[in-house]
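Listed below are the residues making up each chain.
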Amino acid sequence: MAEKQTKNMKTYSVPYRLDFEHRRCVVGDEPMLFHCHHYNTFLQRSIEDADYIDSQPFLVGAAAEVAYAQMQNLFSAVNVGDEKRRKQLAGELFRWAGFGSLDLGTIKETGGTVSTPHSHYAVAWKSKFGDSNRPVCHFVEGWLAGTAAAIYNQPFASYSVEETSCKSKHSDNKCEFSIRQGKPNWSVFNPVGMGQLHDHKPLPVEKNNVDYDGILNAVSGMELVGDQNGLIPAFGVYLTRMYANYYNRISFEFEHALSNKFGKEGIDVARPLLVEAGHVCAFNTFGGIMTSPEWDALIKPNLKSKEDWVHGMVAVANSLGWGRWQAPHVSEKETEFVIHDDYESVGYRAMYGKCDHSVSYLAEGAVIGLMNLVYVGKVHNKPAFTPEFYNDLFKRNTYYKAEVVSSLATGDKVTTIKVKKV
Amino acid sequence: MKIALNLTYKTEEELPMPNSLFKIVDWVEKNGEVQSVARLRAKLLPLTCKEGLIFHQIGPDTNCSNQYLDACRSAATEIVGNKCPF
Numbered sequence: 000m001a002e003k004q005t006k007n008m009k010t011y012s013v014p015y016r017l018d019f020e021h022r023r024c025v026v027g028d029e030p031m032l033f034h035c036h037h038y039n040t041f042l043q044r045s046i047e048d049a050d051y052i053d054s055q056p057f058l059v060g061a062a063a064e065v066a067y068a069q070m071q072n073l074f075s076a077v078n079v080g081d082e083k084r085r086k087q088l089a090g091e092l093f094r095w096a097g098f099g100s101l102d103l104g105t106i107k108e109t110g111g112t113v114s115t116p117h118s119h120y121a122v123a124w125k126s127k128f129g130d131s132n133r134p135v136c137h138f139v140e141g142w143l144a145g146t147a148a149a150i151y152n153q154p155f156a157s158y159s160v161e162e163t164s165c166k167s168k169h170s171d172n173k174c175e176f177s178i179r180q181g182k183p184n185w186s187v188f189n190p191v192g193m194g195q196l197h198d199h200k201p202l203p204v205e206k207n208n209v210d211y212d213g214i215l216n217a218v219s220g221m222e223l224v225g226d227q228n229g230l231i232p233a234f235g236v237y238l239t240r241m242y243a244n245y246y247n248r249i250s251f252e253f254e255h256a257l258s259n260k261f262g263k264e265g266i267d268v269a270r271p272l273l274v275e276a277g278h279v280c281a282f283n284t285f286g287g288i289m290t291s292p293e294w295d296a297l298i299k300p301n302l303k304s305k306e307d308w309v310h311g312m313v314a315v316a317n318s319l320g321w322g323r324w325q326a327p328h329v330s331e332k333e334t335e336f337v338i339h340d341d342y343e344s345v346g347y348r349a350m351y352g353k354c355d356h357s358v359s360y361l362a363e364g365a366v367i368g369l370m371n372l373v374y375v376g377k378v379h380n381k382p383a384f385t386p387e388f389y390n391d392l393f394k395r396n397t398y399y400k401a402e403v404v405s406s407l408a409t410g411d412k413v414t415t416i417k418v419k420k421v
Numbered sequence: 000m001k002i003a004l005n006l007t008y009k010t011e012e013e014l015p016m017p018n019s020l021f022k023i024v025d026w027v028e029k030n031g032e033v034q035s036v037a038r039l040r041a042k043l044l045p046l047t048c049k050e051g052l053i054f055h056q057i058g059p060d061t062n063c064s065n066q067y068l069d070a071c072r073s074a075a076t077e078i079v080g081n082k083c084p085f
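Protein chains in written order, with numbering that gives the first Met the number 0: chain A, 0 to 421; chain X, 0 to 85.
These aren't lab readings, by the way, just hints derived from the structure by calculation.
Bear in mind the structure is a predicted one, so any value in this text is a computation, not a measurement.
Glycine included, every Cβ here is placed at the ideal spot set by N, Cα and C.
Please note: incorrect hints may appear among the correct ones.
[What the hints assert, rightly or not] Taking lysine to aspartate or glutamate and the DMTMM-like style, the derived pairs with C-alpha atoms no more than 20 Å apart in a straight line are:
| no. | chain 1 | residue 1 | chain 2 | residue 2 |
| --- | --- | --- | --- | --- |
| 1 | A | Lys-168 | X | Glu-77 |
| 2 | A | Lys-400 | X | Glu-32 |
| 3 | X | Lys-49 | A | Asp-48 |
| 4 | X | Lys-49 | A | Asp-267 |
| 5 | X | Lys-29 | A | Asp-391 |
| 6 | A | Lys-394 | X | Glu-32 |
| 7 | X | Lys-82 | A | Asp-48 |
| 8 | A | Lys-394 | X | Asp-25 |
| 9 | A | Lys-125 | X | Glu-77 |
| 10 | A | Lys-127 | X | Glu-32 |
| 11 | X | Lys-29 | A | Glu-387 |
| 12 | A | Lys-394 | X | Glu-77 |
[Unchecked claim] Label pairs and their in silico Cβ distance ranges:
| no. | chain 1 | residue 1 | chain 2 | residue 2 | range |
| --- | --- | --- | --- | --- | --- |
| 13 | X | Gly-51 | A | Ala-296 | 56 to 66 Å |
| 14 | A | Asp-198 | X | Thr-76 | 48 to 58 Å |
| 15 | X | Gly-80 | A | His-379 | 29 to 39 Å |
| 16 | A | Pro-56 | X | Ser-73 | 25 to 35 Å |
| 17 | A | Asp-18 | X | Ser-73 | 47 to 57 Å |
| 18 | A | Gly-129 | X | Lys-29 | 16 to 26 Å |
| 19 | A | Gly-213 | X | Gly-51 | 51 to 61 Å |
| 20 | A | Glu-293 | X | Glu-28 | 35 to 45 Å |
| 21 | X | Gly-80 | A | Pro-232 | 19 to 29 Å |
Same shape as in the complex, but just chain A (with noise of 0.2 Å):
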């Protein structure tokens, strides 16, 4: 297992690990992966969209969950038992991380106030939908709920955090969150840390022109961190290094929310839209990333193909943090996408045990995605990614289907994913 400190970095001194056995990046015992604002913001209005389900308080204690277990583990690691040292590297971290920026200094072990004209989920929304009529930081409020408590040493559950001020709104020109010592205000979950991971068995893949591994030294190696602001704009999006259990816990929250109240036409409703999400990150990042220079420099050269390209995509894939992806066989009427360790299954099974269907729906929007992108898209052509190319593109969801062959979540060894033309 390789490890890796970023000594390099000017600004950043956050302590993460490069686990590339298993295709993760660990920072405080938590596993962090990257997505786009499009995602971030598609995944949070799916859920709210169904506002007679409570989803507040699960948007907001995921949150609280990873950034207390990841504090307190950071901490302890570090060896920082100082308040301000600890307040100075949960906000570097946050920042690190794309977030947004914080000054922590502004909150007592009482609670506090701490505003920001930057923050991710508002820059992201406002850029995305427009205006919002409601906050939407709960990514934030839980955050700082949770690292308040381990900054001062605090149960858990010792906080309630409400956003006062929100940027996305019309009337707002900052994020303003409100914390407060005493009962919390969201849903307390058990951390689960970086779950039952396996050792990779990788399968043998067809011969192509990418250099995987070279990839994924190269694009692991990338400072893709965040700017002065605190937000990291690359490849034509805002990424950020999110909690692969922040989405995890939101995105079955949210799919058991519907389900116990409305069986299986709960769950039948909220799978298309989780997919949908992986769509919306495969044509926005996937897109980005493929038409972008470091592609042309890194990548292109090689590739002879457009079964390449798919490998170039899945070799870079690698390297979000996903878990380790592979393409044993490629070809423009059907694709085998082999998953070791996905992230989704990963957490499904360390929060709530094995599943009786497959919850890998990110790896299966994505893999519809870029099926898409190169054989119907010409990805190639370096295309502009607008909305209505996007529409082009996915509305008629006639040109790629997916089909879950094997789930981690279920209990199979790997998460295989088969997309066909149909």
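With the hints as your guide, set chain X onto chain A.
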């Protein structure tokens, strides 16, 4: 013994047109973004269950209450971002 009858009648205008619901769903599919119909289905889920409808089987002959139709129209307008014409 007198029995009080409280009969209410709906005028033709008050009754939903038989295919109004289908027209709204179809309009959302044609004018909304990808998976707009899935969003519509999610937004209406409690009402759909109450109504006893199977959303993905809504067709030209599907009837529903005025309340459901109003909710569908309102959600359609929000999702597409333009006033639903049906």
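These are the hints, each one checked on the structure:
1. Lys-168/A with Glu-77/X: Between Lys-168/A and Glu-77/X the Cα gap is close to 17 Å, so the pair holds against 20 Å.
2. Lys-400/A with Glu-32/X: 19 Å, holds
3. Lys-49/X with Asp-48/A: 18 Å, holds
4. Lys-49/X with Asp-267/A: 17 Å, holds
5. Lys-29/X with Asp-391/A: 12 Å, holds
6. Lys-394/A with Glu-32/X: 7 Å, holds
7. Lys-82/X with Asp-48/A: 18 Å, holds
8. Lys-394/A with Asp-25/X: The hint holds at about 13 Å.
9. Lys-125/A with Glu-77/X: Judged against 20 Å, a Cα distance of about 17 Å means the pair holds.
10. Lys-127/A with Glu-32/X: 13 Å, holds
11. Lys-29/X with Glu-387/A: Distance of about 13 Å is within 20 Å: holds.
12. Lys-394/A with Glu-77/X: 19 Å, holds
13. Gly-51/X with Ala-296/A: 56 to 66 Å: 59 Å, holds
14. Asp-198/A with Thr-76/X: 48 to 58 Å: 53 Å, holds
15. Gly-80/X with His-379/A: 29 to 39 Å: 33 Å, holds
16. Pro-56/A with Ser-73/X: 25 to 35 Å: 26 Å, holds
17. Asp-18/A with Ser-73/X: 47 to 57 Å: 48 Å, holds
18. Gly-129/A with Lys-29/X: 16 to 26 Å: Taking Cβ atoms as reference, Gly-129/A and Lys-29/X lie about 22 Å apart, which means the hint holds.
19. Gly-213/A with Gly-51/X: 51 to 61 Å: The hinted range 51 to 61 Å holds for Gly-213/A and Gly-51/X, with Cβ atoms some 58 Å apart.
20. Glu-293/A with Glu-28/X: 35 to 45 Å: 37 Å, holds
21. Gly-80/X with Pro-232/A: 19 to 29 Å: Since Gly-80/X and Pro-232/A have Cβ atoms about 26 Å apart, the given range 19 to 29 Å holds.
The structure is consistent with each of the numbered hints, conforming to all of them.
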